[in-house]
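Participant: Taken in order, these protein sequences are the chains called W and U. For the first sequence, my numbering begins at 27 and goes up steadily by one. For the second sequence, my numbering begins at 27 and goes up steadily by one.
No lab work stands behind these hints: they were computed from the structure. Do not take every clue at face value.
Because identical chains share one entry, a pair is satisfied inside a single copy or across any pair of copies.
[To be verified] With a cut-off of at most 30 Å between alpha-carbon atoms, the simulated BS3-like pairs for lysine-lysine come out as follows:
1. 356 with 52
2. 358 with 545
3. 597 with 579
4. 268 with 49
5. 356 with 454
6. 268 with 571
7. 598 with 579
8. 427 with 358
9. 454 with 268
10. 571 with 510
11. 597 with 425
12. 356 with 597
13. 268 with 52
14. 510 with 358
15. 268 with 356
16. 358 with 597
17. 598 with 358
18. 425 with 356
19. 52 with 427
20. 598 with 571
21. 510 with 356
2 protein chains.
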Amino acid sequence: MLSDAKKWLIGKPLKSNELGEQKLNKRKALAILSSDALSSVAYGPEQVFIVLAAAGAAAYWYSIPIGMGVLLLLTVLILSYRQILYAYPQGGGAYVVAKEQLGVYPGLIAGGSLLVDYILTVAVSVSAGTDAITSAIPILHEYNVPIAILFVMVITLLNLRGLTESASIMAYPAYLFVLALLILIIGGLWRIATGQEPPGAHGTFGVPVAGVGLFLLVKAFASGSSALTGVEAISNAIPNFKAPAAQNAVRTLLAMGILLAVLFAGILFLAYYYGISPRPEVTLVSDIAERTFGRGFVYYLIQGVTALILILAANTGYSAFPMLAVNLAKDKFVPRMFSARGDRLGYSNGIIALGLLSIVLIIAFQGRTERLIPLYAVGVFIPFALSQTGMTLKWLREKPKGWALKLGINAIGALASLTVVLIFFVTKPTQVWPVLIFLPALIVVFLLIRGHYRAVGDGLRISEEHEPSIEGNVLIVPVAGITKVVEGSLNYARSLAADHLIAVHVSFDREEEEAFRVKWAEWQPDVRLVTLHSPYRSIIQPLSKFIDVMQRKAGAANYRVTVIIPQFVPKKGWHNMLHNQSGFLLHTYLLYRRDIIVTTVPYHLPK
Amino acid sequence: MLSDAKKWLIGKPLKSNELGEQKLNKRKALAILSSDALSSVAYGPEQVFIVLAAAGAAAYWYSIPIGMGVLLLLTVLILSYRQILYAYPQGGGAYVVAKEQLGVYPGLIAGGSLLVDYILTVAVSVSAGTDAITSAIPILHEYNVPIAILFVMVITLLNLRGLTESASIMAYPAYLFVLALLILIIGGLWRIATGQEPPGAHGTFGVPVAGVGLFLLVKAFASGSSALTGVEAISNAIPNFKAPAAQNAVRTLLAMGILLAVLFAGILFLAYYYGISPRPEVTLVSDIAERTFGRGFVYYLIQGVTALILILAANTGYSAFPMLAVNLAKDKFVPRMFSARGDRLGYSNGIIALGLLSIVLIIAFQGRTERLIPLYAVGVFIPFALSQTGMTLKWLREKPKGWALKLGINAIGALASLTVVLIFFVTKPTQVWPVLIFLPALIVVFLLIRGHYRAVGDGLRISEEHEPSIEGNVLIVPVAGITKVVEGSLNYARSLAADHLIAVHVSFDREEEEAFRVKWAEWQPDVRLVTLHSPYRSIIQPLSKFIDVMQRKAGAANYRVTVIIPQFVPKKGWHNMLHNQSGFLLHTYLLYRRDIIVTTVPYHLPK
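Same shape as in the complex, but just chain W:
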């Protein structure tokens, strides 16, 4: 029944050799891997204006040079990542690059911050998208958190069904979003070109404004670069591409870069030219759309599609997080289960973990996860900086043909990313300090996990010295009463023809004990019975004491002790509540605390 429900929700299991069919073509990959990056134009440009607003509306013209700076940074990042895709066609992105080129610790810093970042991606995007919807339908506003959780659950399910199936669903909204924003930008430019917009609405370009210093400008730049989060997603996901994977990935990356640049530049320019001030309750895109088309069909289309892409941006996290977890699991830094493929060939444990953790974040922040945006941005630029630095070193070491240009691109990328990180720490220290706590903590956990796996691996490896051989067996059967369950276990124990067979009865009361001895002697005269008196009414304590004594004796003669537990199995699961679980407790206790072999002989009630 449970497995039927599972099948209905995530589809029938797929065979391992059906893997190829689950791979992505470029059109789908662009939709699935870019929604995070593209959706950030919905809030990136606005961040620039919010910072500039501190110096008054006259300072808005600075948004144009700042926007150019962001576009420059985007170009550098795209070019740098293009080189990473070719150099690491097996995927892995920042973690793999930093680990191979810089060493384990930089790798773990990159991997750890990306891992946390993808969780933030999901929580932040879904919360923002939900906000957009509930702003449109105010009656839903108080249900923000449950709605966001519902979305996360739906996206998790889609991803458990498998990559391409979810990509088909994701493809339409992503392209619709690009289309809607292009219509908006062209419409706006048309209005400007035809003189429908008064040219005096915006401040004069190039006039220095009092109060605008370097601090404010770099802060605005860093804020604007939050529009670039998500650019790295493709580098983690190359193995999901159809062959030739690297080439297809690069083309997808370039297409994404161009789209991102066009949309970002268009929105920023219209906002500047229209002279729009950021308002807390209305988004910049909404203001632009309303000025351009009025509150008509096109306006609502743009708003709706924006909300949708924000929610779907979460999906980028779902394709990148599990792949990163696989890479970390291969190096034994996270539990091995993250590298197992599920029924539908996705890395289901990673997908489920991501869903659960982002739901926890959404609940903890009551859906107000927007304040995590700076944290999220700095968490992206740290691995950017590390992977570009790694690439720079790689070119320096290997010096392939044309290495000077490659080195230049990656070095500039590294420097630019590092600068953004430093700007964040200098201009927004109160918002990004948690990075300094969770990153080291996460790395300690990674190292502890690897330490454990290594110790276990060493301990279990077959060595020259064999395990001591077993000379004989002592079988102990705890008996609670004179029933068919016990009879079945005794029959089984006898069939093993062991050297010693002992039945043990724990009694709380002397009279019952005596009566049991008499009945036993009549029923099973050939099986030796030991009765244990338990003044504290515990079954496990006296039993384990007795077993300890037997094991000490047996061990001296290289005998092994086996406890045979007669287990009554009721017909229905809930019936277990009506029976004491001594058998189960004893089983766990003996295995984990006592190193005793435990055999369970089930007895099913005849139907």
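Position chain U relative to chain W; hints supplied.
Facilitator: Positioned in the frame of chain W, the structure of chain U alone reads:
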């Protein structure tokens, strides 16, 4: 560590023969078993005035005859219960009496409603007491629910420590409450006797008031009789008394009856004479105390002690609920675990269940459980009526010396209780209807549980036809790799000298499968290896299919199949998260779904 914490919280385990020391003497029993009944004078008299207030202040004089009616009912109940105590010295109260004299169904009605009632006792009393405290310290008001839950948890712990220990703690507040109320009553009478109270404050006695009909009067009477809830507690708890149990219990009952009557009558009379109208935000007792002593030390003493006794009234539920559950468990109507004594010889499962259920109620009603009072009262009078009816029949059947008087007392008790129940259903149907839902539902559950226990008992009883004997054994060892864990299991399997030993390896990929076969042939040439290919990456499915086939073959020859699971046991519990739990899953699956004997051979990492 866990067991240390347990020891610290509830004390060291006691031996079964230390039971006598845990029994109650009369002084402690009065405190522990009467706090429920006594505390109800804190709200009982007020209920009468609230109903009469509907007809105006002139109608308050009716409270005197109504109060006399309640006292008469109290006398009848005390006398009736006195007879029950002598007739049923082994305890059990309404459930046992009704079951023996009237049959199983009336017994279950009585038992079921008492069971629910004790949960209500705890929830209602603790909520009311918490209200009293947070009314005094308004800053705590918004934490009502967590504070109430904390109190329930503390009382639960005290009861897990054991009866007499908690009785010692309970004794002081209970006696302090009686003392405080006696001081209040004497003080009030003194003021009246010395003429400090104007005699004209109250309405004229005996003047009929328009609008006061029979309906209003019986409603006021039923409301006032809510002061009698808790009277039955002693009858359930006789086995907790020191010998001679019945006699000690009867004396305690009489003492409680007298105290209850004095306090109830005193409060009611003062309220009438002072001419006090009930006010929603201030209790009647508070008003009387303020008028008598002013807002001084004595006033705050009375208020504080009242709050305390209300919280401790919950404790009555804790001594009665587990005893009732034991009686129901003996007859197999509730799970057997309710009849097992815990470390401190109390029936810990009953105590814990009561604590949890009342916390659930408190949370569900957000601490506003006062609206459950009518439900609670009707739930008490149903078993009153049933047990008195049972006693009436008993005297009719047995006709012992002086049976006519005994019959008379119990018949009047039965009739009076039944009348109260009927009045509740007629005058407050909207508040007591849930009884008609949960009582039948509870009885169905009782019967289902007994049905299950009976079926199991029949199924497990040793019969003439013996279980088929076992001719030989087939041992199957699932092997995941070539490790010391597997080596240990194979050594053990060989030592059992079974007829067949087969190692099974599940592989997800053909190359790995081939490599494994080669390595195996080298490592364990004498153990037959079967490899299973699992295209869907499940381990349990192909394994269970294979085991099914083996079992079919083996069963035909009266062979039994045993699956030997090599189980790696990590050093620390949390390490289990880092290893897959296939062994555990396989164990559960084979036992519960497949009727296969499962042996687990643990392998502990050398320290």
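Participant: None of the hints should be skipped; say for each whether it holds.
Facilitator: Quick rundown of the hints versus the structure:
1. Taking the closest pair of Cα atoms, residue 356 and residue 52 come within 30 Å of each other only inside a single copy of the chain (27 Å); across copies the shortest separation is 71 Å, beyond that limit.
2. Taking the closest pair of Cα atoms, residue 358 and residue 545 come within 30 Å of each other only across two copies (24 Å); inside a single copy the shortest separation is 57 Å, beyond that limit.
3. Only between protomers do residue 597 and residue 579 lie at most 30 Å apart by alpha-carbon distance; the minimum there is 25 Å, versus 40 Å within a single protomer.
4. Proximity of residue 268 to residue 49 under the C-alpha cut-off of 30 Å is restricted to the intra-copy arrangement: shortest distance 5 Å within a copy versus 79 Å between copies.
5. In the homo-oligomer, the alpha carbons of residue 356 and residue 454 never lie at most 30 Å apart, since the shortest distance is 36 Å inside one protomer and 68 Å across protomers.
6. With identical chains, the CA atoms of residue 268 and residue 571 are never at most 30 Å apart, being 62 Å at best within one copy and 35 Å at best between copies.
7. Proximity of residue 598 to residue 579 under the C-alpha cut-off of 30 Å is restricted to the inter-copy arrangement: shortest distance 28 Å between copies versus 41 Å within a copy.
8. Taking CA atoms no more than 30 Å apart as the test, residue 427 paired with residue 358 passes in neither setting, with 35 Å inside one copy and 85 Å between copies.
9. Within a single copy, residue 454 and residue 268 get their C-alpha atoms no closer than 41 Å, and across copies no closer than 72 Å, so neither meets the 30 Å cut-off.
10. Taking CA atoms no more than 30 Å apart as the test, residue 571 paired with residue 510 passes in both settings, with 27 Å inside one copy and 28 Å between copies.
11. In this assembly of identical chains, the alpha carbons of residue 597 and residue 425 never lie at most 30 Å apart, being 71 Å within a copy and 48 Å across copies at closest.
12. In the homo-oligomer, the alpha carbons of residue 356 and residue 597 lie at most 30 Å apart only across protomers (23 Å), although the nearest pairing inside one protomer, at 42 Å, exceeds that limit.
13. Proximity of residue 268 to residue 52 under the C-alpha cut-off of 30 Å is restricted to the intra-copy arrangement: shortest distance 8 Å within a copy versus 85 Å between copies.
14. Proximity of residue 510 and residue 358 under a CA criterion of 30 Å is satisfied inter-copy only: 20 Å between copies versus 48 Å inside one chain copy.
15. With identical chains, the CA atoms of residue 268 and residue 356 are at most 30 Å apart within one copy only, with a shortest distance of 23 Å there and 68 Å across copies.
16. Only between protomers do residue 358 and residue 597 lie at most 30 Å apart by alpha-carbon distance; the minimum there is 18 Å, versus 42 Å within a single protomer.
17. Proximity of residue 598 to residue 358 under the C-alpha cut-off of 30 Å is restricted to the inter-copy arrangement: shortest distance 18 Å between copies versus 40 Å within a copy.
18. Within a single copy, residue 425 and residue 356 get their C-alpha atoms as close as 29 Å, which meets the 30 Å cut-off; across copies the closest is 85 Å, which misses it.
19. In this homomeric assembly, residue 52 and residue 427 come within 30 Å of each other (Cα to Cα) only inside a single copy, at 29 Å, whereas the closest approach across copies is 100 Å.
20. Taking the shortest Cα distances, residue 598 and residue 571 sit within 30 Å of each other only across copies (22 Å), while inside one copy they are farther apart (34 Å).
21. In the homo-oligomer, the alpha carbons of residue 510 and residue 356 lie at most 30 Å apart only across protomers (22 Å), although the nearest pairing inside one protomer, at 50 Å, exceeds that limit.
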